[in-house]
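Visitor: Residue strings, one per chain:
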Amino acid sequence: MIPHEHVVFTEFDGGEGVLVDLDTKKYFQLNPTATLVWRGLVGGKTLEEIVGDMTAEYDVSPEHAAQSVQRLLRSLENFRLVRQG
Amino acid sequence: AARKPFVEPEVSFPIDVLEATT
Chain A
25 MIPHEHVVFT EFDGGEGVLV DLDTKKYFQL NPTATLVWRG LVGGKTLEEI VGDMTAEYDV
85 SPEHAAQSVQ RLLRSLENFR LVRQG
Chain B
19 AARKPFVEPE VSFPIDVLEA TT
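Sequences listed follow chains A and B, in order. All the letters of the first sequence, read from the start, carry residue numbers 25 to 109 under the numbering used here. All the letters of the second sequence, read from the start, carry residue numbers 19 to 40 under the numbering used here.
Just chain B, same shape as in the assembly (with noise of 0.2 Å):
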């Protein structure tokens, strides 16, 4: 089976929830 083109593992840098559910 073909495989899928390789990504590189990434997190995000932390994002605020409060800010966001504002």
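Okay, chain A solo, but in the shape it has when bound (with noise of 0.2 Å):
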């Protein structure tokens, strides 16, 4: 997965983020481990590097972080925020 160009982020100092879509002129928040997963994606991390971050980062297990991510995924991808690279 791989964000879309029409789409900008944002992130603030607290660790939450913003995507803004150049095209619907529509705005997403994002909450910290969200902006986690979309900072990866930025990065062009794989789905199991990006867990990584997250596990090391918060008190989570691999098998959690990884459906969590994709979750996430499949929420971004329905609002058309990313695509398949």
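It is possible that part of the hints are untrue.
Each computed EDC-like pair below joins lysine to aspartate or glutamate, with the alpha-carbon atoms no more than 16 Å apart [unchecked claim]: (1) Lys22(B) x Glu40(A); (2) Lys50(A) x Glu81(A); (3) Lys49(A) x Asp34(B); (4) Lys22(B) x Glu81(A); (5) Lys50(A) x Asp34(B); (6) Lys22(B) x Glu101(A).
Bear in mind the hints are in silico, worked out from the structure with no lab data behind them. Note that the structure is predicted; figures quoted are calculated from it, not measured.
Hey, can you piece these two chains together into the complex? The hints should help.
Guide: Given below as structure tokens:
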């Protein structure tokens, strides 16, 4: 999964982030863990690498983190914020 | 190092930029 070209990302000090879709003129708020995932996508990381980042920073098992990341990716895809790489 | 409590990653529903700007 890679971010769409028409999506702009801004991160705030508290770890939260905002995505703006320049095509639809809509924006989306990301909580800190979703922001971590988005940063990974921008950096071209694999699902496994993103899960590794998640488990290193947060108290969560790799299995749980993988399920959570995949669920978020489905939401991002439904909103047309990411596409298959 | 202590790890932070985990919160499920979430993306909000879309918010119209024009409404927010107004």
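Visitor: Mind checking the alpha carbons of Lys22(B) and Glu40(A) for me, to see if they're no more than 16 Å apart?
Guide: OK: Lys22(B) and Glu40(A) at ~15 Å, within 16 Å.
Visitor: Lys22(B) and Glu101(A) were given as a pair; does the straight-line alpha-carbon distance stay at or below 16 Å?
Guide: Since the Cα atoms of Lys22(B) and Glu101(A) sit roughly 27 Å apart, the hinted pair is violated (cutoff 16 Å).
Visitor: Please verify whether Lys50(A) and Asp34(B) have alpha carbons no more than 16 Å apart.
Guide: holds, 4 Å
Visitor: Mind checking the alpha carbons of Lys22(B) and Glu81(A) for me, to see if they're no more than 16 Å apart?
Guide: holds, 6 Å
Visitor: So if I understand the rule, the pair passes when the alpha-carbon distance is 16 Å or less; does Lys49(A) with Asp34(B) pass?
Guide: holds, 6 Å
Visitor: Does the structure keep Lys50(A) and Glu81(A) at a Cα separation of 16 Å or less?
Guide: violated, 30 Å
The structure does not agree with the numbered hints 2 and 6 stated previously, though it agrees with the rest.
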